[in-house]
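Chain order of the listed sequences is A and B.
Sequential numbering from -17 applies to the first sequence in the numbering used here.
Sequential numbering from 47 applies to the second sequence in the numbering used here.
Treat the hints with care, as some may be off.
[Stated by the list, open to error] As a list, the in silico BS3-like pairs of lysine-lysine whose alpha-carbon atoms are at most 27 angstroms apart:
| id | chain 1 | residue 1 | chain 2 | residue 2 |
| --- | --- | --- | --- | --- |
| 1 | A | 97 | A | 30 |
| 2 | B | 118 | A | 97 |
| 3 | B | 154 | A | 30 |
| 4 | B | 122 | B | 154 |
| 5 | A | 97 | B | 204 |
| 6 | A | 30 | B | 160 |
| 7 | B | 118 | B | 158 |
| 8 | B | 118 | B | 154 |
| 9 | A | 30 | B | 100 |
| 10 | A | 97 | B | 100 |
| 11 | A | 97 | B | 160 |
| 12 | B | 204 | B | 122 |
| 13 | B | 204 | B | 160 |
| 14 | B | 154 | A | 97 |
By construction, these hints were calculated from the structure, which means they are not laboratory data.
Here's the letter readout for the chains.
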Amino acid sequence: MTLKTFGLDQFGFLLYSLQWTILLTVIALIGGGLLGFAVALARTSQLKPVRIAAASYIQIIQGIPVLMILFLSYYGLSLAGFELPPLIAAGASMTIYASGYLAEIWQGCIQAVPKQQWEASESLAMTRLQQYRYVVLPQAMRISLPPTVGFAVQVVKNTSITSIIGFVELARAGQPINNATFQPFRVFLAVAALYFVVCYPLSQLSRLLERRLHAGSNR
Amino acid sequence: MPEVIVENVHKSFGALEVLKGVSLSVERGEVFALIGRSGSGKSTLLRCMNGLEKINSGRIEIAGHALGEDAKALRKLRTDVGIVFQSYNLFPHLTVGENIMLAPRIVKDVAKAKAREVTREVLQLVGLSEKFESYPDQLSGGQQQRVAIARSLAMRPKVMLFDEVTSALDPELTEEVLMVMEQLARDGMTMILVTHEMGFARRVATQTIFMHKGKIWEHGPSAALFANPQTPELHQFVKSDVK
């Protein structure tokens, strides 16, 4: 058997696997976004039990490693008789992980809208739903853009954890190439570079949004 | 029947009793000024009138609505009672026109064309017709406050509450806001205002109430009240006002 070297073919495979990393990130942000949004709203509810339930959810998700969420959904559910394909298990755990953090980020953004905005809209006889829909959320959304994009960077990097349950995303793709080439430094340098290529523009975007938020008006 | 009835209202924040049995009644078209030192309870009393603060006991009836617990009834009351705040509280993400049209559109289901018409009308009333498309942060404080008044008026309220609406403005801008309010008073709007503008209270308010330590300390027609304070507290208060 001849040893291959790390060349274009191998790099192509990494690029191909990068798609899975991105797909997983998108799943986590959409799924986690929907779930996190609901939890953020619950967190700002007028009903105390709802607030407490939402706060507990956030604390629990943030208080356990992503790896455990992954193991629990992959092994736990297979114990219960559900055999999950790695993509589903990976997508589900990333969704849960992202929801816990997005909920907290967005809760902060909702609470950052001055309470006078609530009073003014309430005094105009709006329902609570209308207050959220027309007054509070549009303002909160604007505040939320920089930290949300910033968090997306964390999600991209953390998808690498799903390699452990055999999901072949970018980090996992480096392993067979390394096994074939015995050039770990080159291989993982390439893997790291690819993560950087995705994350760096996102970080910059987050900073740009942040600057615009502070420089600009409240619109 | 009076437009506003406040009967033996008590209100506490925790252990601190801010309103200690306040009663008053305002006839339609009257202008009431609430004056007094900070912490005398005047702003709290005003905020109780549209349910922004919940009272502990007593009774408030305003524009034919009894103030109560029910959320739907409270919204109904608020469509008839406008309030303007010290810090304007315009919606910063909406244009002036959108700020004014929003509540009529979504709360009262006014058709879009009609809502635009009403908006133009109230903007003209406050002298800001040309600002329809501007955003709040493009306006001066005085202009923002006039937009806030217009926004309330667009709901066609029967009673208007003003909570220290000129306190954040410098004298020149204060004047333009007071002129709008004076016009409203002349047009027959029932108004209750918390104010530090003694000259304005004396001139425009039909009645002035001096609040002290959570109670109505002195109350009467503005001219008489300012000319002949009956209590040392009001005497002191009027004297300390430089204007």
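Hints, one by one, checked against the model:
1. A:97 to A:30: It holds: about 18 angstroms lies between the C-alpha atoms, which stays within 27 angstroms.
2. B:118 to A:97: Holds, at about 21 angstroms.
3. B:154 to A:30: At roughly 31 angstroms apart (the allowed maximum being 27 angstroms), residue 30 (chain A) and residue 154 (chain B) break the hint.
4. B:122 to B:154: holds, 10 angstroms
5. A:97 to B:204: holds, 26 angstroms
6. A:30 to B:160: violated, 41 angstroms
7. B:118 to B:158: Holds, at roughly 24 angstroms.
8. B:118 to B:154: The hint holds at about 13 angstroms.
9. A:30 to B:100: holds, 18 angstroms
10. A:97 to B:100: holds, 17 angstroms
11. A:97 to B:160: violated, 30 angstroms
12. B:204 to B:122: holds, 12 angstroms
13. B:204 to B:160: holds, 20 angstroms
14. B:154 to A:97: Distance of about 24 angstroms is within 27 angstroms: holds.
Violated hints for the displayed structure, listed by number in ascending order: 3, 6 and 11.
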